[in-house]
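Respectively, the protein sequence lines represent chains A and B.
Read in this note's numbering, the first sequence has 1006 at position 92, and its numbers run on one by one without any break.
Read in this note's numbering, the second sequence has 369 at position 213, and its numbers run on one by one without any break.
Calculated directly from the structure, the hints in this document are not laboratory data.
Each hint should be verified, as a subset may be incorrect.
As the list claims (entries may be wrong) - Restricting the straight-line Cα-Cα distance to at most 30 Å, the calculated cross-link-like pairs of lysine-lysine (DSS-like) are:
{"#": "1", "chain 1": "A", "residue 1": "LYS927", "chain 2": "B", "residue 2": "LYS250"}
{"#": "2", "chain 1": "B", "residue 1": "LYS253", "chain 2": "A", "residue 2": "LYS927"}
{"#": "3", "chain 1": "B", "residue 1": "LYS339", "chain 2": "A", "residue 2": "LYS925"}
{"#": "4", "chain 1": "A", "residue 1": "LYS1020", "chain 2": "B", "residue 2": "LYS166"}
{"#": "5", "chain 1": "A", "residue 1": "LYS1020", "chain 2": "A", "residue 2": "LYS925"}
{"#": "6", "chain 1": "A", "residue 1": "LYS1115", "chain 2": "A", "residue 2": "LYS1097"}
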Amino acid sequence: MPQSREALQEKRKNLSSWLLSLPTMIWLACFFLVPYLIVVFYSFLTPDIYDVKFEVSLEAYRQIFTDGYLQPFFLSFKLAIYTVLICLLLGFPVAYYMARASEKLKNTLLILIIIPFWTNLIIRIFSWRIFLSYSGVLNEALIGLGMISQPLEIMRTNLAVILVMVYVYLPYMILPLYSVLEKLDFTLLNAAMDLGANEVKAFFRVTLPLAVEGIFAGTLLVFIPALGAYLIPQLVGNQRSLYVGQVITYKVKNIPRNWPMASALSLTLLLMVAILLLIMYAIYRRHLARRHY
Amino acid sequence: MKPSRAKLFKGLNLTAFSLVMVFLYIPILILIVYSFNDSRIISGWQGFTLKYYAQLFSNPTIGEAFRNTMLIAGLSTLISTSLGIMAALGLENKRFKARGGLLALIYTPLVIPDILMGVSLALLFNFTRVNTGMVTVLIAHVTFCISYTVIVIQSRLEGFDYSLVEAAADLGARPHYIFWRIKFPLMLPGIIAAALLAFTLSIDDFIITFFTSGRGFDTLPIYVEGTIRRGTITTINALSTLMIGFTLFLVVITKRIRKILISAL
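Kindly generate the complete structure, drawing on both the sequences and the hints.
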């Protein structure tokens, strides 16, 4: 009977899929899912100097909402938003230029964007310290040119954090924008202009709506790491107003340790990301529903 | 064909592109120049020297951090790419019952900040009383690399030309022959791209390693951060320049790798 043979084949294919994916499933279950369950569990325990006491407590959550722990969340959120907006403003024209370049030039331009992206993160941050610090290159140059008399104190400010975050995450914005703009049919722009739209109007009515997917992808790729950043604020930021990533890290690394607090803060950050993703998804769905072409 | 009339933006875009290029490359160039600067602190140009490169090669701690980095990167690339190949082949079957669940498991780590994976793994190792060190770092690196390797290899399989496999089967080729002689070679660019991505991610990682490495097991980023914190930065410029050189070698000089990388984007 051919039907049962097909069913048998289907079963065998399913079995081989199971066997092939099982190692990855087990790995991610053990080292991705289970750790988060432990985070939830630890967030309800009592801290000890190096470890935790297995006594149930809601202290960590109470502290988050009463002891000024929300401040780092606001700061991280604010600077991450700034970073996304600047990346979008800078990244869009760059991606647009790349997408309209000749085929041969395109690859070179891509490589130019990718090289810094493939350079070690900590080195790129470190290079900004040389550039921005009190006796660094920027100050030396500006004083040498007679533009300023006192060195600018940019290092250890929120401005430095935003600058370095834009520097580090800009390729994450450019690459997805480039990949949608490259597929964009530019004759549509000419058509819009033939029908009387000026260049600015054509951009807002034709190019931008067609690039929405890239804008969403880029925004997420920049916003998520910017929100959870530790190394950038740690190396160039103002140490008097901490970032969420720094607070979480200190709770784990500094003695006395506070695992429950680190866990509760992590879950709060996770919740923020989840809410953001849901909002973005809802906006995206509405955008798709409104699109009739 | 009529040339585009979008003139205004064209000039604007070129300007933006040039500015961004300056922005992206100036710090790196300064870093390279300063690795030859004969000064112990961050300051103006004091004269040419190669002594920091000499110090770099005679420093045993840096040597050890370098070996640790390469060991972890090599092993985590091997493991995560192998797992990635298998999972991508498993996901090929669209009617696989656990497909949706597996995809969710693979994509979720990508939308969660790195630091949370670091904290959660640190907690896991604390809870299970495992001593942190090489093994825990390796586990962590494989965990964050898997998602990328599966996705890169799988995206290559999406556009796979199955008529080649069918033709081979019609001509009487056995399944394992078809796999190793036809399918695997066609998957290879995707596999190389995935492996390179995993390798770079592993070398680059600071935060997850910071949470999962014990005392006495430093990778290069961990060593560099510690050195910057202690303020003894003399060799870091030289070390950075060599690492940038390594990247340039990988991306620019090896033409084949470059082609694979571009096609994987």
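Holds or violated: A/LYS1020 and B/LYS166, Cα atoms, limit 30 Å.
holds, 15 Å
Has the given pair, A/LYS1115 with A/LYS1097, been kept, meaning a C-alpha gap of at most 30 Å?
holds, 21 Å
So if I understand the rule, the pair passes when the alpha-carbon distance is 30 Å or less; does A/LYS927 with B/LYS250 pass?
Cα-Cα ~10 Å, so holds.
Between A/LYS1020 and A/LYS925, is the straight-line Cα distance small enough, at 30 Å or below?
Outside the cut-off at roughly 46 Å; violated.
Restraint check for B/LYS339 with A/LYS925, where alpha carbons must lie at most 30 Å apart
Judged against 30 Å, a Cα distance of about 22 Å means the pair holds.
Holds or violated: B/LYS253 to A/LYS927, with C-alpha atoms at most 30 Å apart
holds, 11 Å
Going through the hint list in order, the structure does not satisfy hint 5, though it satisfies all others.
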